[in-house]
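Under our numbering, the residues of the sequence shown are numbered 29 to 693, in order.
If you're looking for bench data, these hints aren't it; they were derived computationally from the structure.
Mixed in with the good hints, there may be bad ones.
What the hints assert, rightly or not - So the derived label-pair ranges between C-beta atoms look like this:
| no. | residue 1 | residue 2 | range |
| --- | --- | --- | --- |
| 1 | Ile503 | Gly359 | 44 to 50 Å |
| 2 | Val507 | Val395 | 38 to 44 Å |
| 3 | Arg133 | Ala581 | 41 to 47 Å |
| 4 | Glu549 | Val507 | 17 to 23 Å |
| 5 | Pro677 | Glu641 | 51 to 57 Å |
| 6 | Thr575 | Leu45 | 35 to 41 Å |
| 7 | Ile489 | Pro367 | 53 to 59 Å |
| 8 | Leu362 | Leu125 | 51 to 57 Å |
| 9 | Arg133 | Ile503 | 35 to 41 Å |
| 10 | Glu641 | Arg131 | 55 to 61 Å |
| 11 | Pro367 | Leu120 | 34 to 40 Å |
| 12 | Ala446 | Arg133 | 38 to 44 Å |
| 13 | Arg244 | Arg370 | 41 to 47 Å |
We put the beta carbon where it would ideally sit given N, CA and C, even for glycine.
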Amino acid sequence: MIVRLAVALGALLDLALARFVPDVGPGTFFRLAAATIVVLLPGGLVAEALGRRSASATLAWALAVLTGALALTFALGRSLTFTLVVLALVSLGALVLGRRGARPRRVAGSALVFGTGVLLGIALWQVAGNVGGDGLFHLARVRKLAAFDELSLGAVNEFADGGLHPGYAFPLWHGFLALVARLSGLDPETVMLHEASVLAPLALLVAYEAGAALFRSAWLGGAVAAAQGALIALAPGHGGAYVSLAQPGTASRQLLVPASLALVFACLRGSSLGLLASAGAAGLVLTLVHPTYALFLAVPLAGMVVVRALVDPREALRGALGLAAFLLPTGAVLVWLLPVVRETVSHTPAGDELARALRTYGSELDVLRDGVYRLAPELLSRSGSVAVAGLLLVPLAALAARRSWSAYVLGGSLAVLALTLVPALFERLSDAVSLSQSRRLAGFLPFAFAFVGGAAVLARIIGVLVLPLALAAGIALQVAEPGDFLPRIVEGGGPALAAWIAAFGGAVALVAAVMPLRRLELERRDALPFLAALLFVAPVGVHAARTWSPSEARPPSPLTPGLLAALREQVPERAVVFSDLETSYRLAAAAPVYVAAAPPAHVADNERNRPYERRDDVIRYLRTGDLGIPRRYGAGWLVVDRARRSPSPALRPLYSDGRYALYRL
C-alpha cells in the first residue's frame, strides 16, 4: 500500500508542478502528460488491487471507473468537478482495500517499449497540424463537457433539440479528454490536437502486451508492437492514424482493442476473478467508446476459440471464459443502445438509404449481380507492405498448429474474411450495423499477428537466412505495394490476390491444422524473428521519414481570432448560433454553444436531428435571408460568412471583420 500511495502522491505532485509550467512547447507536453497520468491513476490502483499490473488493465479500469463517475454526474446533473471527486474516492478505496504484498510484475521489456513510444510521441508533435474532419465533431463534445456546470447525456449534442448519436451516446472518451483539459488547464482544442503524443507510448505498450500474451514471448511481443506501429503510424505517412489517437475511433482501435486482446489472451493461460473482471471492464469501455468495434473484435476472438477447441479443448475453454467476460458487458451496453440505434436511418436501411450508401462507398465494394455486394478484396490489403505480408503468411500458421497464436491467426482471419467476402454474410452485417461501419471489419484482420507468426515459423525453418529474406521482402513490398490510404480506393487499393491467398490458403491450412495427426509447432520465440520483423519494417520507416510532415487534409480553421474572441466573450454557453453548414460545424468546436445545422455526414440521421431537413433550411435562409428560419430553431445569434455570400440582416453587428460578422437576433 505504501508504494501505491507514493505513486499516487507523486502523480498529483507532478500535476501540481505542471500547472506552473508555461503552456507552450514542452510545457504543454508536460501538462498533458501529468493530467493524463492522473486521470489514469484510479484505473491503475483498481487494477493492482485486483492483482493486475499492466497498461492494458490500467486503461480498461481507468475508463470503467470513469464510466461510473460520469454516469453519476449525468444522473445528478453535476459538472466534471463532481466527477473528479468520485474518481478520488474510488482511488482512495482502491488504496485502502487493495491486496497487500509485493506488487505484480509487468511484462519484461515494458519500459523499453514505453521509451520507444515516448520518442514516437515527440515525433508526432511535429506533424499534429490542425484539428479537422471528424475531430471537430469530437472537439465540440469535449468542449461542452469541460465547460457546462450541469451535464447530461443530451447536453453534449450539436443541437439543443437533437437526439443521441448511436456511436457516442455515452461520451466516455470525450469525458476522458475533457478531464485532461480541466486538470491540465489547457484549451480542449490543444488537448484534441496534441494528446496523441501522450497516448502514443500507451498504444505501443498495449500492442506489446497483446503480442507477448498471445505468443508467450517478450521478443515476439516487441515484433507485434513494431508491426502495428509500422502498419498504422508509419505506412500512411504524416504520422498515419496515430496523429488522431485523441479521437474515439482511433483510440478504440489502437488503444482499447489491443488492450482487450491482451486481457483475453491472458485468460488462455488461466483465469482469475481479477483477470476476468478486467476483461469485462475492457469490453464495457470499448463498447461505450465505439460499439461496433466491440462486436468486430469478437469475430476473430470467436474464430480463435472455435479453432482452439479442435486442437486443445482445455485452453479453448479458458479462452471462451475470457471472451464471455468480454462480451457480457458488451451485450448489456448494446441492449441499452438499442432504442437509439433503431431511431437511426442507416440501421436496416430502406431502398433510398441503401442506394446512397452504395454510391458513397462503392469504390470499396464489389457489386456483383442484382445489387448483390461484398467488400472489395483490394480493401483488405490496401494498408501497405505489413498488411500484404500478413495476408500472405496466414497459411504458415498451420505449421505451429499447437500454439494459441495459430488458432487466432487462422480462426480470426477466416472469420473476418468470410464475413467480408461472402456477399450474403456481408449484406446481413451491413444491415445490422450500417454499410459505413461494416466495411471497417476489414481492419480487424490480425495482420500484425499473422506477420509475426509467419516470421517466427520462417525463422525456425531457415534460421538466420530469414534476416536477409525479411529485408529484401520489405524493400520489394514497400516499392510494389506502399498502400492506398486515401479516403476512398482511387489508386487500386492493395493486391486482391493477397486476400484470396489468405482466404483459400488459410482454409486449407485450417484443415491441416486440425487433422488428428502429429500437429506441428515450428516456430522460434527468441530474438531472431524480432530482428526479422524490424528489418522488414525498416523500409516503411524510411518512407515515413520522407513524409513526416503535417497532412494537408486538415487545413487551418478559417475562423478569425476576432470572431473566436467575440464568440467566447459575448455569446453565452448553451446559446444556439445559426450559420451556414461549414461555419456552424466549426463554431460548435470553437465554443460551448449549440448550432442549428451541420454537414449531414457528421450528424446522426434520426427523427430529432433531421440533418437533411436542417441543411435544406440553411440553404433556404442563404437564398432568402428570412430570419424566421433561424428563430424557429431557437437561435439567438447569427454568424455571417461573407466569403460564402451569406445574406447580411438589417441588424447592427456585435462584431465584424473582413470575413465574418456576429449578430444578435
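If any of the earlier hints don't hold here, list their numbers in rising order. Hints 2, 4, 5 and 8 not satisfied by this model.
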